[in-house]
Amino acid sequence: MITTTHIKELLSTCMQCGTCTASCPNAFAMDMPPRKLWRLVLMDRTEDIFNSTTFSLCSTCYFCTLRCPRGLPLTRVMSLLKEQAFKAKSPGYKKGTAFYGSFMESVRRHGRVRESEFMTLYFMAMKNPLLPLEFAGIGLKLMKKNKVAIQLPSRADESNLDRLFQKVKEIEEKP
Amino acid sequence: MKYIYYPGCSLEGSAVEYDGSTRALMAELGDELIDIEDWNCCGATAAEPMSELLSFVLPARNIALAEKIKEAGDILVPCSACYLNLKKVMVERDLDEKLSNRIDEVLAVDDLSIKGTRQVRHLLDVLAHDIGAAKISDRVVNPLEGLKVAPYYGCQCLRPYGGFDDPEEPTTMTPLIEACGATVFPWNSAANCCGASGMNTKREVSGQLVKNILMDARGADAIVTVCPMCQMNLEGFQKSVSKGTNEDLSITVLYLPQLLGLAMGLSAEAIMLHKNLAVAETFLEAL
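Going down the list, the protein sequences come from chains A and B. The first sequence runs 0 to 174 under numbering that gives the first Met the number 0. The second sequence runs 0 to 286 under numbering that gives the first Met the number 0.
Hints may be right or wrong, so weigh each one.
Here are the simulated DSBU-like cross-link-like pairs (lysine-lysine), alpha carbons at most 30 Å apart as the crow flies [claimed, not checked]: (1) B:Lys238 / A:Lys94; (2) B:Lys147 / A:Lys126; (3) B:Lys97 / A:Lys88; (4) A:Lys144 / B:Lys238; (5) B:Lys97 / A:Lys166; (6) B:Lys242 / A:Lys143; (7) B:Lys134 / B:Lys147; (8) A:Lys166 / A:Lys94.
Because the hints were derived from the structure by calculation, they are not lab data.
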């Protein structure tokens, strides 16, 4: 279930000045500016928030957080919205869920991310046969330099972080 | 000096030359790096969208492991994303007791805890403030005269906490580049965002950011970076973002320790120049 109540508190003193929007390098591509997104959170307009692409376009540059005259943790708010979309498997955030989820799955299994395993998991999660083509250029460059090798996903090894992942989950699910 | 060294995952893979050149440079300068055994991924920017608590626990485990090492020394981190994640733990646990307790509750599963005895330092901070341009300058045997270098800081070594440089108009690389005999290329993109992992999931958007940076760098001989994500975005997509600009946006992109190493007479092999994705022929000839 998507909830934004805990996020609302972080934005309560937003005065809608728009410094965040003016500072955001990705605002040009957003369907609504960050300033408006904060307002929707304060108004509990959950559906509109998660139908928008705005939070998913945050590239965590921290310019808005740095410059906010109220000192609000705006980059953290973007991440908390991503977390809600991730946990609710929000359809508009499918790519982000698959990408970050695959990354963290590789980390859970091995303690460190294995770059090519993670990308394979990502392609599998997206189920789009054309997607790997988007990465052919950079992938070939990296392979030519012997920096990555084709690697099939493998089972968790001894250094896996599963215990920590489980404990985090347990704490988060505590009422 | 001695440092506890946290390389992070990229430095074992796509940024192996950042690891190699950092180790070679620090050895040349007489500083010792002590590896953290069994370190784990810091969570990059991937843990936070999944679970905020997990995004604290992953870097926290590394800090706890670093605290167990007997030697004194700060934790040295070359990757900006890793640096911010480790730094974030130290800053936020001081501000939020509940968070601090939660982190320790999870770490207890591995019999670990954080006492807060070590500083987290970015490689750029250490090069600029512990080692300093004067010491680099004294060791330069191959001055990079005539080379125009654009310093690129990106985001996560500067913001949100700042600390060792101005978070909007950083300057710590200037004396280091000048110590090499090179000239700092004046530009406006030094602290701009490269699009980060958006190059994977939102390339039509992040590609614009990369394009703007590369357009701004026209006229420079090289861009110097201090982050594997920035480096990959600026060196790996030069051809594709050039499309539709009528410009050739190809440019040499190096890690800062590679540039310093070259000036100090380290070989191209020692700084692993063969691993970079964008090194122009003209740049190699100029050396």
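So, going through the hints one by one against the coordinates:
{"no.": "1", "hint": "B:Lys238 / A:Lys94", "result": "holds, 25 Å"}
{"no.": "2", "hint": "B:Lys147 / A:Lys126", "result": "violated, 45 Å"}
{"no.": "3", "hint": "B:Lys97 / A:Lys88", "result": "holds, 28 Å"}
{"no.": "4", "hint": "A:Lys144 / B:Lys238", "result": "holds, 18 Å"}
{"no.": "5", "hint": "B:Lys97 / A:Lys166", "result": "holds, 16 Å"}
{"no.": "6", "hint": "B:Lys242 / A:Lys143", "result": "holds, 23 Å"}
{"no.": "7", "hint": "B:Lys134 / B:Lys147", "result": "holds, 21 Å"}
{"no.": "8", "hint": "A:Lys166 / A:Lys94", "result": "holds, 26 Å"}
The structure is inconsistent with hint 2 alone, although it conforms to all the rest.
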